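Please assemble the complex out of the two chains, which come individually in their own frames, going by the hints.
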Amino acid sequence: MEYRLHTPLAQQEILRLRAGDRVLLTGTVYTARDAAHQRLIACLDQGAPLPFPLSDSVIYYAGPTPEAPDQVIGSAGPTTSGRMDSYTPRLLEQGLRVMIGKGDRSPAVRESIRRWGAVYLAAPGGAGALLAACVENVRLICWEDLGCEAIRELQVRDMPLLVAIDSEGQDLYTEGPAAYLSHRDEK
Amino acid sequence: MRTLDEKKISELVARLCIQANRQLPEDVIRALEAAERAEPWPSAQQSLSLLRENLDAARQRCLPICQDTGFTCVFARLGQDLHILGNFYEAIQEGVRQGYQRGFLRKSVVSDPLRRINTDDNTPAAVHVELVPGDQLHITVLPKGFGSENMSRLAMLKPADGLEGVRRFVLETVRAAGANPCPPIVVGLGIGGTFDQVAALAKQALLLPLDQSNPDPFYAALEAELLREINQLGIGPQGFGGQITALGLRILTLPTHVAGLPVAVNISCHVCRRASGIL
Chain R
1 MEYRLHTPLA QQEILRLRAG DRVLLTGTVY TARDAAHQRL IACLDQGAPL PFPLSDSVIY
61 YAGPTPEAPD QVIGSAGPTT SGRMDSYTPR LLEQGLRVMI GKGDRSPAVR ESIRRWGAVY
121 LAAPGGAGAL LAACVENVRL ICWEDLGCEA IRELQVRDMP LLVAIDSEGQ DLYTEGPAAY
181 LSHRDEK
Chain B
1 MRTLDEKKIS ELVARLCIQA NRQLPEDVIR ALEAAERAEP WPSAQQSLSL LRENLDAARQ
61 RCLPICQDTG FTCVFARLGQ DLHILGNFYE AIQEGVRQGY QRGFLRKSVV SDPLRRINTD
121 DNTPAAVHVE LVPGDQLHIT VLPKGFGSEN MSRLAMLKPA DGLEGVRRFV LETVRAAGAN
181 PCPPIVVGLG IGGTFDQVAA LAKQALLLPL DQSNPDPFYA ALEAELLREI NQLGIGPQGF
241 GGQITALGLR ILTLPTHVAG LPVAVNISCH VCRRASGIL
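Note that the protein sequences, when read in sequence, are chains R and B. For the first sequence, position 80 (counting from the first letter as 1) is numbered 80 according to my numbering, and the numbering increases by one without interruption. For the second sequence, position 172 (counting from the first letter as 1) is numbered 172 according to my numbering, and the numbering increases by one without interruption.
Among the hints, a few may not be true.
[What the hints assert, rightly or not] Example chain B residues on the side facing chain R (calculated, C-beta under 7 Å, incomplete):
hint	residue
1	W41
2	Q45
3	L50
4	N54
5	F75
6	L157
7	D161
8	G165
9	I235
10	G239
11	H270
12	V271
Read the hints as simulated data drawn from the structure, not as lab findings. None of the values given here were measured: they were computed from a predicted structure. Ideal Cβ placement from N, Cα and C applies to all residues, glycine included.
Here chain B stands alone, though its shape is the one from the complex (with noise of 0.2 Å):
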């Protein structure tokens, strides 16, 4: 059986705080610049030259993106085969102690919702845990900015409300959210399984790739045409005005009760990190 020190663990989680931090993945930068180029309304494309011209800023000067470093989530794959040495958990909360600290970000977590002390270290980060075959370990990490992260919404529809119910509490969701969550934002959307199931959906669909769609062709006609729809409401780039309200829309979706249509909308910002590595 393989093993796997709790060192190693640590030390990539560190290093993948830090490089999501400073530096998009490759789909959200192309979305971005295909968004410059689509985006009809002057000032709405003085805005998107605006955010390229950030990221070239925090890659010169080793900076984040986003002074919001986001509440670390934290996404891993974990074989059943593998032997872990040490504490998994505890590896994954000194990963993110160690590259909040090295690189420089910031500790935005407080240790209770309502007293309301920061942590200084920004941990506990959170953590999903899925078992699956083989002897390795995929590690994602997703800072979660909060200004996006508030904009976000759960209903439980009635299955009578079906797809039209779905499409219009996308489109509320994001209308509400309007320059708030700093747009172009990208959705992530669940649609099924249970009250908590249907946020995790929505979350981990904002790990899914920009230029790519579901497997499932019902779902990837859902995917273009809702972004299609959001793109008309108008509210731009910054909140402005302009065509780009949304750079991409990912759908996740489960199984779920015969008296029940779970529906939730996570919101990110432009800034929609994500890092990944293997162990």
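Only chain R is shown next, with the shape it has when bound in the complex (with noise of 0.2 Å):
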């Protein structure tokens, strides 16, 4: 299936979403990685406020390349969301339902999902410049100090991503090569 999909998403959006469905994703998100996502779990644990509201929100594990003057942002493709397993589960605790980033995740986050309602998107890996071109606007959250991982707010417009592990715990990064080789070895 395909989807066009608003910002906020709603649980019902989220429910239906399948491992291998494709979605073009409209609306806001928040670019957060490695260490935003240590300090948004400081922030947690000193029961202080978060820089952004963690229900409704997208997470986007980026870190863009600067913008030239003429541009709106660099290249702005996903970075490699295993390094925010340990963190994840706390995130989705709290709120958060949906993700974006690339490559698996931890069995302890494919539960998380699962048992939250949760859904975690794919973009396109190693293809910035193509993603770049989804984005409207961006603005500086916090913790510019942080660089390239700076919480940045963008707003992008069908951005094209795929699911990879929906509200069922399905995981397409298993079942995708597994469909392939049993095609292949069916031949």
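What follows is the structure, given as structure tokens:
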């Protein structure tokens, strides 16, 4: 299936997504990767306010290149999501429901996605120039000292994504290769 | 004796940093095109055509191909009859600084592995220098992305493990890497030498053209065989299944100790960047 979705995503919209579905996403996403995740968790530990609300938000594991004067953003593809695995269950527990990145997740994250009815979407890895064209506006939210790892709010239009792990815990990173191999070996 | 001003070195390094990040080498582009023709699985073919579109977008919009513009690895072959006016190593670092600033490339280096403060100019680069006959300076810049660097591995195998042990280690490494290094990948395989040498060999193997093979027929056959086996794993482009898991595999070897069989696998993503110049 292919869906055009707008943020914030309704719970029902998230629940009907199945691993392998294509999504064109329009709306607001927040970039956060390794160092920003560490600080988000520190905020939770200290009971400090978060720089953006986790509920109804989309986190994009990305650290774009700096924009040239005539550009909105530089190259802006996904980074490896697995490095955020140790932080993710805590954020899901706090209301996060949509993550965008690339690469597979730990069994704990998969289980957590299932438990909270969340979804993990994959953006094409190593296609940052193409993805930059989907970004219409960028605003620095906080932690500028982290450079490319600062949290930025991106307005995206028709960002091309694939459902990698759905709310039932189905995982395209295991099912995709298995489907290809069984098709190949039948021949 | 020929002399060369340090400024010329900085200028060249800066230009190569920008070029490498915006445009893939011809052999890698051809390998991607061939992969798209060879891929039988429709969704995998779609992923590959997206990568071609991305290369076009990078060229047209003067953007880096990937937002991870890498840890800068600089390989210099310095003619022993060339006299450099100024500080050779600092000239290279200055070139990286200028290139990453001028080219709007991402600064991805932290000054300390545990305290992690960004240096804000992508220095220091890793500099490898080889002293060679002549009076020229050859420089190659390889901006190394860390999604794939993180999936690279090194093993000190036993001589008894032999060819089969090397084969198993390569396949295990690629299988464990899965979708993380942005397949289709390029594999640099180092075999032999010492613990430190074998890692450098694997990285240098990533500098070799994908449309050539090892001059030693034994290793040329091994390159072809390992590539064929990797492309039977089913990981596929982006790790969503398919035939093309790797675009190429190159091997470099060194003599080693009677007691050892060091092996290193350095993985590159499909954005296998390198740019070279001569002064």
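Now the hints, each set against the structure:
Hint status for W41/B: holds, given a least beta-carbon distance of 5 Å to chain R, under 7 Å. With 7 Å as the threshold, the beta carbon of Q45/B stays out of range of chain R, its nearest partner Cβ sitting at about 12 Å, so the hint is violated. The beta carbon of L50/B is positioned within 7 Å of a beta carbon in chain R (closest approach about 5 Å), and the interface hint is therefore held. At a threshold of 7 Å, the smallest CB-CB gap from N54/B to chain R is about 4 Å, leaving the interface hint in force.
Annotation: F75/B was flagged as interfacial toward chain R, and the flag is violated, the nearest CB pair being 23 Å apart, outside 7 Å. Contact between L157/B and chain R, as hinted, is not supported at the beta carbon level, the nearest pair being about 27 Å apart and thus beyond 7 Å. The interface hint given for D161/B is broken, as the beta carbon of that residue sits about 27 Å from the closest beta carbon of chain R, more than 7 Å. The interface hint given for G165/B is broken, as the beta carbon of that residue sits about 25 Å from the closest beta carbon of chain R, more than 7 Å.
Given hint, I235/B at the interface with chain R, holds; its Cβ is 6 Å from that chain's nearest Cβ, closer than 7 Å. Hint status for G239/B relative to chain R: holds, with the closest Cβ pair at about 6 Å, below 7 Å. Given the 7 Å rule on beta carbons, the hint for H270/B holds: about 6 Å separates it from the nearest Cβ of chain R. For V271/B, the interface hint holds, since its Cβ comes within 7 Å of a Cβ in chain R; the closest pair sits about 5 Å apart.
When held up to the earlier numbered hints, the structure conflicts with 2, 5, 6, 7, 8 and fits the remainder.
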